[in-house]
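Chains as they are written, first to last, in my numbering: chain A, 226 to 355; chain B, 397 to 1139.
Hints may contain errors.
[What the hints assert, rightly or not] Example chain B residues on the side facing chain A (calculated, C-beta under 7 Å, incomplete):
{"hint": "1", "residue": "S457"}
{"hint": "2", "residue": "H459"}
{"hint": "3", "residue": "T917"}
{"hint": "4", "residue": "L919"}
{"hint": "5", "residue": "N920"}
{"hint": "6", "residue": "I923"}
{"hint": "7", "residue": "G924"}
{"hint": "8", "residue": "G927"}
{"hint": "9", "residue": "V928"}
{"hint": "10", "residue": "L933"}
Please keep in mind that the hints were generated in silico from the structure rather than gathered at the bench.
Every residue, glycine too, gets a C-beta built ideally from N, C-alpha and C.
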Amino acid sequence: MARILIIEDNEQNLYLVTFILEKRNHVVTAARDGRRGIQLAEEIRPELILLDIQLPLMDGYTVAAELRRNPALERTPIVAVTSYAMAGDRERILAAGCNGYIEKPINPDTFLAEVLAHLAPDPSAGAKEK
Amino acid sequence: MSANKQNPGASPQSSQRSPSKRENSSLPARADISNAVPEVRLSKLNRTYALVSDVNQTIASVHQTQELFETICRSAIEQGGFRMAWIGLIDPQTKQVKPAASAGEIDSLLEKQNMTLDDSVGGFTAAALRTGEHVVIHESEGDPNIAPWRADALQMGYRASAVFPLMVAGEVRGTLNVYAAEPDFFGDDQLTLLDEMAADIAFALEFIAEDEQRRLFVLLLRESEERYHTLARISPVGIFRADPNGATTYVNPAWCAITGLSYEKGMGMGWLDAIHPDDKETLSRNWQQSTYQGRPSYAEYRFVRPDGTVAWVMGQAVPELNSEQQIIGYVGTVTDITERKRAEAALQASERQHSLIFASISDILFYIAVEAEDRYRFLSVNSAFLKATGLTEGQVIGKLVQEVIPEPAHALVLEKYREALRAKKAVHWEEVSVYPAGKRHGEVSVTPILGTDGNCTHLIGAVHDVTERVRAEAELHRLNAELEERVAQRTEELRDAMIRAQDADRMKSAFLATMSHELRTPLNSIIGFTGVLLQELAGPLNAEQSKQLGMTRDSARHLLALINDVLDISKIEAGQLEVARAPFEIRATIEDTLRTVSPQAQKKGLALAAAIAPGIGVVVSDRRRVEQILLNLLSNAIKFTERGEVRLECRMLDRWLEISVTDTGIGIRPEDLGRLFEPFQQLESGLNRLHEGTGLGLAICKNLVSLLGGQIRAKSEWGVGSTFSFTLPLAQKGASHGAHPDH
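Work out the full structure: start from the sequences and follow the hints.
If you want it as structure tokens, here you go:
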């Protein structure tokens, strides 16, 4: 069970990911744009953030960088879930402060494992919060 | 001596004169005669008669002067009883009497008698010559006329002598001299007889002379005729003779040779048939006119020989007139002028040809007479000259160059002509001439014509009009400049276009990125929700639902693959495909991909085998791209194989890793192998429905392998199977590779 923040503007994608995670009893909070995402992250201090890159008002790179500037969130795993697949996208994403990268469309068979893998390296962070 | 001077008009033979003669005769002679014994006188008279008779016979039978004279002289001795007789003739040159014949007792007397008509010389012969009358010396002893030769005469026994002049046409031509042994030999009767005899001899002399002349004339005539005939026979000119009607009466061999007619056929009017039909009328008209005007006719006409050949002749005929100026015939010649005609025709043809060439040639041509330094006169020019200059023939022909070519152009022309004359060879130059017809550029050449003395007599000039060429060159020049300008402009445009294209590329990339995102977003839902449903997270599914949802998921995945391929090829074409280089376990990657395609192989009942050489571990490359290549080759192998197996092999070759995928499928035709790796080349379009795909897979693989530093290749046997293999470098990043194992 983990508190997971999803920053995603597409309703269907948001529903899909929320459905998969909630079915496994994770607590999902959703933000529909970057600004709101940063706000919620500061408020709820999630254990993991799933971040879409193409977002209205503020793109994912900016959001990631902003989140990393907050010392309280600097160690929170951020996994980019994006359909950006052009050369260099991956590097830019990692450079912006993300810990991982899941390409859309997601593979429902492996998605959960890929997400939860990012919780494992620093279980203490989540444990402390609990 | 007795001389009949009293009655010159009377004939000496006249019996009436006898008394007067007697009167003038010296008395002793008269006394002598009167006193002579009648028998003796009769005997002498008879002998004289006999002599005269003999001489007349001789005259009748002998027609040759010398023979006549000699016979007469002999008769005078033999019949006339004279001691000596001789006949002399007057040399027309010296006017001296030259003894022509003699008989009897001859002595030196004859030679001494240098008788002439000159009065100054004495002698009885001379007297006879002067007077034309006979002179008689009755007694040598007393007669003064014989004084110079008396001694000789007496020595020779000449006691009496007489000389009778031989008169022809009133002129003395010669003398008959007779000498007798007895004094007073000549009686009057005898003298009369002897005068008559002398007259007969003179007549004979005249007759013979006339006869000889006639015979000579006949001889000359015959010779002339023979010469004429010879001439006619051997003449190379045909000769003919015709009667007033034109009927031929004679032709010579040359005439026959020229006309081809035999002598017989040439006679009469036969020749007319041999005249060329076209010439008959002209010839006859010409003939008639000439005859009418009484002048020789002259015509050139043709004979057609029996063998068909044609002979051109020049014919001339002159009328032959009799003493009444009537035409009694014609004499004419025909000269074979076939060769001349042929040469004339050839010359005419040649001249016509040359003038035609001269006239029709498009270059300007002119012919100039060199009269003196700087005096050149136009003799002829062709039509191109007139056309170019806009001048008329009258303005050019016979004019000096200075009069035709305006200032200042003729200064150059004269200089060039001088140069040609000096060098005695052709001179060339280019010039611009302003003619009434406009400005022309010309390439001029002038060639001197040398006379027999080696001096230039004429110039032949030609001007090749290069106005069009010069214009074309200028145009070309202008076009070149224009082209250069356009190239520069175009380069500028291209640079702009390139910039725009680069912008477009950037836009395309942005578009692709956007599309990729926009397509993936709905695909995320489709793939995601079908996956969730199939996991039965949303509740249990029956078999049919599971099957249909499975199909939906496969289609969605395929669509995703297509999108990925299109995206990749776009990146490749834009040169934007980038590969990562990171170490990874190749064995694990191979096993992962085999697991991924295993369900497809199982579905078709194909064996999927792998042989990975031991010791193969970490490679530095792009794991995702290597995976993409492997998936592509394996999927293709499975896709195009209906039975048998798909086998993957991995081994190391020196510092290269080689991975090959072999199938037992349909194979590839040799002709298709070459374009296998080109984009959008799914072979055999008929298979499209059977084998889904974009046709981009192998093109992407080739580019990826190349980007990863390796090579890809395919070998195949149609209907047996194919092997696709690719290599990857094993050495560390940045280290130099050895030669590729296949190289």
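To see whether the hints hold, each was checked on the structure:
Look at B/S457: its Cβ only gets to about 165 Å from chain A, farther than 7 Å, so that hint breaks. The restraint placing B/H459 at the interface with chain A is violated, with a minimum CB-CB distance near 159 Å, outside the 7 Å limit. The interface hint given for B/T917 is met, as the beta carbon of that residue sits about 6 Å from the closest beta carbon of chain A, less than 7 Å. For B/L919, the shortest C-beta to C-beta distance to chain A is roughly 5 Å, which falls under 7 Å, so the interface hint holds.
Evaluation of the B/N920 hint against chain A yields a held restraint, the C-beta minimum of about 4 Å falling below 7 Å. Hint on B/I923 holds. Least Cβ distance to chain A is approximately 4 Å, under the 7 Å limit. For B/G924, the suggested interface contact is upheld, since its CB lies about 4 Å from the closest CB of chain A, less than 7 Å. For B/G927, the suggested interface contact is upheld, since its CB lies about 3 Å from the closest CB of chain A, less than 7 Å.
At its closest, the beta carbon of B/V928 sits 5 Å from a beta carbon of chain A; the interface hint therefore holds under the 7 Å criterion. Nearest Cβ of chain A to the Cβ of B/L933: about 5 Å, under the 7 Å cut. The hint holds.
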